[in-house]
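In my numbering, the protein residues as written are 174 to 250.
Among the hints, erroneous ones may be present.
Derived CB-CB ranges, DEER-like [unchecked claim]:
#, residue 1, residue 2, range
1, 230, 208, 28 to 34 Å
2, 234, 188, 17 to 23 Å
3, 227, 206, 29 to 35 Å
4, 213, 188, 34 to 40 Å
5, 234, 212, 21 to 27 Å
6, 212, 192, 43 to 49 Å
Below, in silico cross-link-like pairs of lysine to any residue (SDA-like), each with a Cα-Cα straight-line distance of 25 Å or less [what the hints assert, rightly or not]:
#, residue 1, residue 2
7, 243, 231
8, 243, 174
9, 243, 221
10, 204, 231
11, 204, 214
12, 243, 186
Rather than coming from a laboratory, the hints here were simulated on the basis of the structure.
Ideal placement from N, C-alpha and C gives every residue a C-beta, glycine not left out.
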Amino acid sequence: ISNLGMFGIPYFRAVINPPEAAILAVGAIVKRPVVIDDGIHIRPIMTLTVSADHRILDGVVVANFLQDFKATLERLA
């Protein structure tokens, strides 16, 4: 995990350091407009990015991880 969000960086891509297979980049929570039920609302949004070595991990595995991680964070919120 690489967390630049604590420094106010909203979005970035972390670099994999060998022998790691993947790294999760955590951005800052920023208030942004979102559409909910055809209305525009301001909500706190956090950007998560995964960089993965496709020689080790298939992209579908990484996408499933992000889906599960997102669902877990939303349940805890």
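Verification of the supplied hints:
Remark: the range hint 28 to 34 Å for residue 230 to residue 208 is upheld by a beta-carbon distance near 32 Å. Distance hint check: the CB atoms of residue 234 and residue 188 are about 20 Å apart, consistent with the given range 17 to 23 Å. The supplied range of 29 to 35 Å is met by residue 227 and residue 206, whose beta-carbon atoms lie about 34 Å from each other. Checked against the hint of 34 to 40 Å, the C-beta distance between residue 213 and residue 188 comes to roughly 36 Å, which is consistent with it.
In this structure the supplied range 21 to 27 Å is violated for residue 234 paired with residue 212, their Cβ-Cβ distance being about 36 Å. Residue 212 and residue 192 have their C-beta atoms about 48 Å apart, which keeps the hinted 43 to 49 Å range intact. The straight-line distance between the Cα atoms of residue 243 and residue 231 is roughly 19 Å, inside the 25 Å bound, and the hint therefore holds. For the suggested pair residue 243 and residue 174, the alpha carbons sit about 15 Å apart, so the restraint of at most 25 Å is met.
Of the pairs offered as hints, the one joining residue 243 and residue 221 holds, with about 9 Å between alpha carbons and a cut-off of 25 Å not exceeded. Using a Cα cut-off of 25 Å, the hinted pair residue 204 and residue 231 is violated, with the two alpha carbons roughly 33 Å apart. For the proposed pair residue 204 and residue 214, the alpha carbon gap of about 10 Å is at most 25 Å, so the pair holds. Straight-line distance between C-alpha atoms of residue 243 and residue 186 comes to about 17 Å, which keeps the hinted pair within the 25 Å bound.
Consistency with the previously given hints fails for numbers 5, 10, ordered from lowest to highest.
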